[in-house]
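Chains B and C: place on chain A using the hints.
Listed here are the chains, written in short residue letters.
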Amino acid sequence: MAAESTLKNMVLCLSAVCLICAAVVGGAYAMTKEPIDEAARAKTTASIAAVLPEFAGTPEQASVNVDGTDYTYYKTDSGCAVISSTSGFGGALTLMVGIASDGTVHNTTVLSHTETPGLGAKCTTDEHFIGQFQGFDPKQKSLTVKKDGGDLDAITASTITSRAYALAVSNAVKVFNKLNEGGQGNE
Amino acid sequence: MSKWHFVTDGFVKNNPTFVLVLGMCPTLATTTSAMNGLEMGLATMFVLILSNIVISLIAPMVPDKVRIPVYITVIATFVTVLQLLMQAFTPSVYETLGLFIPLIVVNCIVLGRAEGFANKHSVGESALDGLGVGLGFTASLTVIGIVREILGSGSLFGWKFIAGDGILAFVMAPGAFLVLGFLMVLFNKYLAKK
Amino acid sequence: MEYFLIIVSAIFVNNILLAQFLGICPFLGVSNKLSTATGMSGAVCFVITLATVVTYLLNQYLLVPFGLEFLQTISFILVIAALVQMVEIVLKKISPSLYQALGIFLPLITTNCAVLGVAITVVTKEFAFGGSAPHMLNLGQATVYAIATSLGYGLAMCLFAGLREHLAGNDVPKAFKGLPIALITVGIMAMAFLGFSGIV
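Chains as they are written, first to last, in my numbering: chain A, 1 to 187; chain B, 1 to 194; chain C, 1 to 200.
Just so you know, the hints here were simulated from the structure itself, not pulled from any lab data.
Take the hints with a grain of salt, since some may be wrong.
[To be verified] Covered stretches of chain B (chain C as the covering partner; in silico rule of three or more C-beta atoms under 8 Å from a C-beta of chain C):
{"hint": "1", "segment": "14 to 25"}
{"hint": "2", "segment": "48 to 54"}
{"hint": "3", "segment": "73 to 81"}
{"hint": "4", "segment": "102 to 116"}
Where is the CB? At the ideal position from N, CA and C, for every residue including glycine.
Next comes chain A alone, as it looks inside the complex (with noise of 0.2 Å):
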């Protein structure tokens, strides 16, 4: 049955588990390091895909600082791609928003949300709702919803996650204005 529990057994027993459980993490980490890179690349490049119109070649990261916050863009032949990120009802809402060369958003996705399942998770799936970002003209529109005197049909029962989505968006906008300002962005 059980090894005695002397002192020297239980060191000697637990030193021989974390060396083996260590090993073993560490050769998963080793062999997964790569495939969890590729997900996650894989992710970025269908998102960017996604959102902008067909473009030639790999899209260039590079970030920008707008208002104190940093955001994170990638740039293609066909316009930008720009991750941003608001709160939202249940938390952080990201969004990759794609704005096409001549500055109308081009489409936009959800990287990431907390919102409540049901209600303002549907800024996921709600076709109408995210359909109305698709081709987009902000300077002939107002990126708010309606009940701020904009333009956009909120998701109904969910004002909020509504808001922090156009919150999002707009501010993409003005990363891509920032970025077209002085002809080329800082790289």
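Chains B and C alone, transformed into the frame defined by chain A:
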């Protein structure tokens, strides 16, 4: 097959959710849909089987006084391996289940089976026990998920068959407690009849 | 202001028991009597705060600089287990009366997922309060978050224990006796707490 009962016990007699009432946190938190419940159950089963096997192997060599830290280390190792594998190959599932994957470490079912079963039984029996309890847990989570998904979103495994929104409360926190409570009543009724 | 929002959000809006489902096992286990419930809440409060600060520092100064974030789960649970043991030993020596009140609950806390849950949440999740841009918590905010979360745990626990003491004397159908009726009661409580959502 005389050892078959190790598997079936986990389903009814030792059902981790409805009889032993262990591992309540993931049971309540991840069962917003049938699919989520199923995935959480399978993730737990993975850890349960492997930790049962390893612990039954090393139990004779472990001094009694340090057995709990050793078990916890073994379990945490498998959970970390599972985390890494899920991040690599099923990133979207990993994101949905989120915090509750690392929290398998403190799921009382896993430590409970290690301490209560695996350290006194052979490797084969422990593996079967892990399979049985894991399946029982998966089945309970899936059932709760099915009920909540039908009532809350009018769909089943993502297939929508009732138009409209459903009763939102069942997808949110209160529904988890209510559905588990009422399912437990039904389970009690069934056990009483037997 | 930010601290105030963290406190309100952690106690009421995202109540750890009723909205986040952490630490349910001991919640159902020891909420039969108000006195044990307060004892357990006290012990949890103590350990969550201590564990969060220690694991936050561990993560910040050891795991992140060496790129070992994938060891979070395994190192946090070992730190928590060791911490609980140490608290038990120290408490026994320093304050036997406090040890008597909290001591019996301490061994149970290692496997209370609220402790590990809060520790992991604090170092992995971005928080956003009252319209501010989402950000990671700093040490001060993390500490306040841990204290407020455990107060929320205590609040829900004591409210529920009070209700359950009254339930015990009532005539409930046989199949509902014990846990089922308790779970349904928690469900209704959680519904009441939903009313807080959206205020932060």
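Tell me, which hint numbers fail for this structure? 2
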